[in-house]
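Put together the whole structure using the sequences plus the hints.
Chains as they are written, first to last, in this note's numbering: chain X, 1 to 300; chain D, 301 to 610; chain A, 611 to 1057.
I should point out that these hints are in silico values taken from the structure, not numbers from a laboratory. Among the hints, erroneous ones may be present.
[Stated by the list, open to error] Pulled a few chain D residues facing chain X out of the computed Cβ check, cut under 10 Å:
| no. | residue |
| --- | --- |
| 1 | Leu341 |
| 2 | Leu344 |
| 3 | Leu397 |
| 4 | Ala401 |
| 5 | Ala438 |
| 6 | Leu456 |
| 7 | Val523 |
| 8 | Ile525 |
| 9 | Phe579 |
| 10 | Leu589 |
Beta carbons are placed, not taken as given, at the ideal position from N, Cα and C, and that holds for glycine.
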Amino acid sequence: MSILTRTDGYGPTTARERRGVREHPMSRLVAFVVMGAFTLYFLVPIWWLFVASTKSRGQIASTAGLWFADWNLWENLGFVFTYDGGVYLRWLGNAVLYAGVGALLGTLLASMCGYALAKYAFRGRDALFNVILGGVLVPVTALALPLFLIFSAANLTNSYWSVFLPSLVSPFGVYLARIYAAASVPAELLEAARLDGSGEVRTFFTVSVRLMAPALVTIFLFQFVTIWNNFFLPLVMLSNDKLYPVTLGLYAWNSQTNAVPELRTAVVVGAFVAIVPLILAFLGLQRFWRGGLAAGGVKA
Amino acid sequence: MSTTTGSGRAAPTTREAASSGRRRSRHGGAITVFVVPFFLLFALFYLLPIGYAVFRSFRTVEREGTFGPATEVFGGLTQYEQVFASEAFWSSLGRVLAFGAVQVPVMLGLALLFALLIDSPLVKGKRFYRLAFFAPYAVPGVIAAIMWGFLYSPGLSPFTFVTGNVDLLGSGAVLWSIANVVTWVYAGYNMLIIYSALQAIPGEIYEAARIDGAGQLRIAWSVKIPLVVPALVLTGVFSIIGTLQLLTEPQVFRSFTTSISSTFTPNLVVYTTSTVPNFNLAAAFSVVLALLTFALSFVFLRLTNRRAFA
Amino acid sequence: MSRHTQVRAGAVAVALAGTAVLAGCSGAAEDGEGAAPEAAACAPSEGPVELTYTGWVPGMEDAIAMWNEANPDVQVTYNTGPSGNAGTYQDFFNQLEAGEAPDLGQIEYDTLPNFRVQDGLVNIAGCEGVMESGEQFVDWTWQQVTFGEQDAVYAIPQDTGPMAMFYRKDLFAKAGIDVPSTWDEYADAARTIREEGAYITHFPRTDVNWFAGLVWQDQGRWFANDGEAWTVDLTGPESTEVAEYWQGLIDEGLVKDTPGFSDEWNNELNTGELWTWVSAVWGSNSISSGAPDTSGKWAVAPMPQWEAGQNAAGNWGGSSVAVLKGSEHPYEAAQFALWLNTSEEALTALNKGGGLYPATTAGLELPALKEGLEFYGGQPIFDVFAEAAAATDPSFTWGPTMAQTYNDVADGFGTALGGSGTLLDALQAGEDATKETLTSQSIPVNE
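The structure is reproduced here in structure tokens:
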């Protein structure tokens, strides 16, 4: 059956925990100290960002960074969400659209391609796979102008499409989908589906997709984060700030702080607000994506 | 150990290839449906731009007078001559190589340590640690860099006992300050990949080690680590690529410190050149950078003798 | 973008392997539009016109709303981008290459030559009212947009950044230091202030245009162009004088090296660690918002002079509005740009919304620019800047790759602040790199 169940079978957590009782208390202490120290390392900057979001502009620099001064969060949020006609909310919406829909479709495309690479032998298969993987080697800075010219040829620069369409392509997603499809979709099952008279494409959507579900969630989340964080492509493509995703919007605000210093607070608060949905998404979906990660690691 | 993993995977692949090979003609339509949508977009948004960049890297401009119009002509290797003569480019490359030589092993070492600890019975509250360590990955690079920029600045940082004594943004330390930001963002992500690999190790293997009387440290060293080597190789390759393409963090840091030049990393060189605007030269830089990235990833895979991408 | 290019381009999108075709497209755009040095005839378009305009002035929408209401046939859409070198210029260059730049773009004076070299500007001298408007603008700005040529106008000046000295009146009085009127006195004051445990100012490595403003004040020239070739001279006697002066202050440890506009710098202003800032008129906002605790304690005096009794000023920043290549409605675009930058209603709106300091002489008399400011102890500070604007040498010329020049000089400044090399070395390195960049772009340079 699927990797997910197999993983569960392989992880005799309870047995390991039971054995744990016998571990030396000193080892436990060392482990605890290490993990505790690094928890601080990973969380303190985020905590700082949260605390800074609650302060007025002057207090960010003048009061202790890790604890609250006057509670100014609501005023700051009000400022962020109303500045320039509430454009920040629009940026958030755009980012959700680019990243959400883009990651959804991108996952579908990548998984179909990766699935075909894993399950069918055809001429040029390996070459194709290598070319796709080679795509991650090229610096984004080099692709900006050519991409712009392509979209301008189609009269699509400065549109949702110009950011949305390139975001659909995820070479890493293809890689993951291929590995995972090879591991989790047994050839016998496909053979059986064929005997039942099911078409290949139908089999993919009815049987294989279900078996690959954890990988699909993983690809989706990675793709989502990649699109959400990407500001270089929209920076090149978009001149209408109503179409910006939130990172580019924050970048633009950050570049204007010389002229409009009030925006400094907006950048801090806006940054905090922008990472909250991502953290929530990961929390909510975590039991799905862990299984998918295993595929990328083990089967590599 | 690695051979086990290798052959375990190779067997079904061969079988599939053989079985589906016989039916090649029958599934042609399905393959087209699966591959073409992705490949079309890939060709349009990767291959075509790359091809165009390569094309432009062989072009050069000619003009007359101070404000004369420019004409694009074939320039042969003119741009590449400039790339190889560019001191800034090669020293930026040296800089990121030094960066990668230290940061990648440290980050992956930490990721491995965390993964092993969370996987071991020594630690309670695995769920919490997993999430806490992974959370920075959700912070966009621009925002992470701005955040750490604040934390490093002597006048703003809450950690005055550090920033008061060491100039984290000075020319000597700033490269490693950036390394810290990258580590902060990606260590948890790499930890999860390695941890997931550990989770998939069959329990019987531990039982065998147990019977031999091996302790946790021993099990980690001689059983677990060899089994997660493929995961380490994978994360290693992606880290190398990421290192060579370092851009966001140094660019953001330029507003916090005077020690980062406009040619600090190879990608900054490309960016700076394209703002001149001298796209032909920027394209040549990119081509060379991409080739070097490829070469380095390839050498790394050869050295580790693993085919992470096969 | 012309229909012709569109058709070609459509074919490109289909031909996947067609990189050469794609190149053909951009090549055609360049050749077809060529350079037209003389002002083209500029006639009104028939029927309603829609203009696009990209810039980064906050509050610009208010002024545009006024125009759109009064001109139903010429509707302007405004896009806000990141500030110039942070992305908008790059966008313009890309859009010009694709033949779809906005009709109007905000371009700082120091970047105008760059756009002209890249053939991105429309000469609007032939458009009604443009040549006549010249006398309304502060001398040096008109010189910038005409490149000193007859029958050429490549942009309409929008705002300027005349420089003066902001200083902590309270701290100077308390320490018994006279307000310096020469650079020598400024250096003396710096030593006294250092003894008080503070710094007179910072040396901003990345604000090379600030440094250029100081050279400008000293009648220095970084670039010249005789029509045949460019002369690049970042190390002339005046530049050297300014560089050595600041090198002296750095060597004596009298100035901080905090980057300008950083939060740390704000903090230093706010806590009284920095006592002066020689800066542009728009700096008044930077201080009042960056150092809110110091309200009422600042004042403004003219820039210190190289010779006692002189009255010279430099300029730092300021933008123009240019009609970009490819615009189908240069006439309407020029009319809008004129209205935006000369009419009292627009200038008032831009001053109120974006803090712009007008480039017209009449604009300097706006009621808002005559008032005393509370933050500056009630001083009518803009009077000082109006005098500075008039005392700015008109013949300073910018080079065609300023972003690169700034970067290279800034890199050298960084090294100098780090203790190896000097500011003069940095200028020399910037000069060499600039010549190299020009050569690699086939732009002729005098050796």
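Hint check:
{"no.": "1", "hint": "Leu341", "in the structure": "holds, 5 Å"}
{"no.": "2", "hint": "Leu344", "in the structure": "holds, 7 Å"}
{"no.": "3", "hint": "Leu397", "in the structure": "violated, 16 Å"}
{"no.": "4", "hint": "Ala401", "in the structure": "violated, 19 Å"}
{"no.": "5", "hint": "Ala438", "in the structure": "holds, 4 Å"}
{"no.": "6", "hint": "Leu456", "in the structure": "holds, 5 Å"}
{"no.": "7", "hint": "Val523", "in the structure": "violated, 13 Å"}
{"no.": "8", "hint": "Ile525", "in the structure": "violated, 13 Å"}
{"no.": "9", "hint": "Phe579", "in the structure": "holds, 6 Å"}
{"no.": "10", "hint": "Leu589", "in the structure": "holds, 6 Å"}
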